[in-house]
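Protein chains: 2
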Amino acid sequence: MKLHFRIHNECKTPPKLRFALSKKIRTFALPNMKFEIKQIGTIFSPYQTKEECPVQGIFVPEGQGRVEVFPEYEAALDTIETFSHIILFYIFDRAGEIKLSRPTFLDEASHGVFASRHPCRPNGIGMSIVQLEKRMKNILEVSAIDVLDNTPLIDIKPYIPRFDIREKANNGWIETKELRVKPKNRE
Amino acid sequence: MKLHFRIHNECKTPPKLRFALSKKIRTFALPNMKFEIKQIGTIFSPYQTKEECPVQGIFVPEGQGRVEVFPEYEAALDTIETFSHIILFYIFDRAGEIKLSRPTFLDEASHGVFASRHPCRPNGIGMSIVQLEKRMKNILEVSAIDVLDNTPLIDIKPYIPRFDIREKANNGWIETKELRVKPKNRE
Chain A
1 MKLHFRIHNE CKTPPKLRFA LSKKIRTFAL PNMKFEIKQI GTIFSPYQTK EECPVQGIFV
61 PEGQGRVEVF PEYEAALDTI ETFSHIILFY IFDRAGEIKL SRPTFLDEAS HGVFASRHPC
121 RPNGIGMSIV QLEKRMKNIL EVSAIDVLDN TPLIDIKPYI PRFDIREKAN NGWIETKELR
181 VKPKNRE
Chain B
1 MKLHFRIHNE CKTPPKLRFA LSKKIRTFAL PNMKFEIKQI GTIFSPYQTK EECPVQGIFV
61 PEGQGRVEVF PEYEAALDTI ETFSHIILFY IFDRAGEIKL SRPTFLDEAS HGVFASRHPC
121 RPNGIGMSIV QLEKRMKNIL EVSAIDVLDN TPLIDIKPYI PRFDIREKAN NGWIETKELR
181 VKPKNRE
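Residue numbers (our numbering), protein chains in the order written: chain A, 1 to 187; chain B, 1 to 187.
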């Protein structure tokens, strides 16, 4: 990959036109940056193995977990107890080989990992919507968890139906797939 | 923060009981790891400044953007065109000072950054649900974008209503907040 720069256009044309302009003037390649992410806590769950862990939390609402945010981040949880659901972001720290396109648990066809929730992805970031049952200082009790026990937490955001529900969205290739027993030796 | 270890319990008790056990036996402190995340592409949008950028994409559905995934990841997009909506993950690369609890655009009260979508957070990871208009190889045209122009992309996941809609979720402290003009000098 080439190194990259981009001209910032400071003119006062309206945003839409400016965007059109920027499409034309960007003749250099794009940057390729790296970022350091730090663990901010740990997710505990009943699931020790990938076989035990649900495909998605919504299908096992009774699965209980515990999120321990490191005490130095406790202030970042202020008013989180007003939400019924939160989104956990974590690292798939036990993911296997990264293949850009591969079958998932749901069918035998290959799908790009950006078109699935496969854990083996270029940046192994996982996202799970869970129900927030209780907060005790820096500890969150949650349910509908689909995360392996002892997983490093990197962020929490509130789930906000006003912002996050897209009623008209389709389910893409997953539309017609039934949940099934996880095929063996598949991640 | 102390260094930490955790005993893995290999017994064959059912997951729920094993989890209860693990709560008791974890007497050591938690690990504190760091992870390297790499840029996998770039998000282009009409928004050059935080003032121009919508608070949430759902409120400005006409805002058009373009996602350029680096060509070496094109295979990871296989079948993404079957989805109407996708979730972009990116780095808030122009975020200011991190304060764990602070007011947002929506009201004057302080909220923990894990209880808001504030960009200035311990790991500056942003998440936006956008509509996928068109795919051309490694380029995605999207709408309802709320991301600054030229933002580093780190992951894409499909938005899947079957997995991601929680009809009964509340809006927490945001329930009663009206959208308003962004206060000046606030991020």
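Rather than coming from a laboratory, the hints here were simulated on the basis of the structure.
Small disclaimer: the values here were computed from a predicted structure and weren't measured.
Hints may contain errors.
Copies of the same chain look alike in the list, so a pair counts if it fits in one copy or across any two.
Here are the simulated BS3-like pairs of lysine-lysine, each with C-alpha atoms no more than 25 angstroms apart in a straight line [as the list claims (entries may be wrong)]: (1) LYS137 to LYS182; (2) LYS182 to LYS134; (3) LYS50 to LYS177; (4) LYS34 to LYS168; (5) LYS177 to LYS134; (6) LYS50 to LYS34; (7) LYS34 to LYS184; (8) LYS99 to LYS34; (9) LYS137 to LYS99; (10) LYS182 to LYS99; (11) LYS137 to LYS184; (12) LYS134 to LYS168; (13) LYS34 to LYS134; (14) LYS50 to LYS182; (15) LYS38 to LYS182; (16) LYS177 to LYS38; (17) LYS50 to LYS137; (18) LYS184 to LYS50.
Next item on the list: Pop the pair LYS50 and LYS137 into one bin, within, between, both or neither, using alpha-carbon distances up to 25 angstroms.
Entry: Result: close neither inside a copy nor across copies, 30 angstroms intra and 33 angstroms inter.
Note to self: At most 25 angstroms between alpha carbons: which applies to LYS50 and LYS34, within, between, both or neither?
What the structure shows: between (29 angstroms within a copy, 23 angstroms between copies)
Next item on the list: Please work out whether the CA atoms of LYS50 and LYS182 approach to 25 angstroms or closer within one copy, between two copies, in both situations, or in neither?
Entry: within (10 angstroms within a copy, 44 angstroms between copies)
Next item on the list: Using 25 angstroms as the alpha carbon limit, work out where LYS177 and LYS134 are close: within a copy, between copies, both or neither.
Entry: Close across copies (24 angstroms), not inside one copy (34 angstroms); limit 25 angstroms.
Next item on the list: Could you place LYS184 and LYS50 in one of the four classes (within, between, both, neither) given a Cα distance threshold of 25 angstroms?
Entry: Within one copy, since 10 angstroms is at most 25 angstroms while 48 angstroms is not.
Note to self: Cα distance capped at 25 angstroms. Does LYS34 pair with LYS168 within a copy, between copies, both, or neither?
What the structure shows: Cα proximity of LYS34 and LYS168: none, with 35 angstroms in one copy and 38 angstroms across.
Notebook entry, point to check: For the identical chains here, do LYS177 and LYS38 meet the 25 angstroms Cα criterion within one copy, between copies, both, or neither?
Noted result: neither (36 angstroms within a copy, 32 angstroms between copies)
Next item on the list: At 25 angstroms max between alpha carbons, let me know whether LYS99 reaches LYS34 within a copy, between copies, both or neither.
Entry: Close inside one copy (20 angstroms) and across copies (23 angstroms); limit 25 angstroms.
Next item on the list: Measure nothing new, just compare the shortest in-copy and cross-copy C-alpha distances for LYS137 and LYS184 to 25 angstroms and report within, between, both or neither.
Entry: neither (40 angstroms within a copy, 32 angstroms between copies)
Notebook entry, point to check: Quick one: LYS34 to LYS184, C-alpha cut-off 25 angstroms, is that within a copy, between copies, both, or neither?
Noted result: Close neither inside one copy (35 angstroms) nor across copies (31 angstroms); limit 25 angstroms.
Margin query: Please sort LYS134 with LYS168 into within, between, both or neither, judging by C-alpha distance up to 25 angstroms.
Written below: Answer is between; shortest inter-copy Cα gap is 17 angstroms, intra-copy 32 angstroms.
Next item on the list: Check LYS137 against LYS182 for me: Cα-Cα at most 25 angstroms, and say if that holds within a copy, between copies, both or neither.
Entry: neither (37 angstroms within a copy, 31 angstroms between copies)
The structure fails to meet hints 1, 2, 4, 7, 11, 13, 15, 16 and 17 from the earlier list, while all remaining hints are met.
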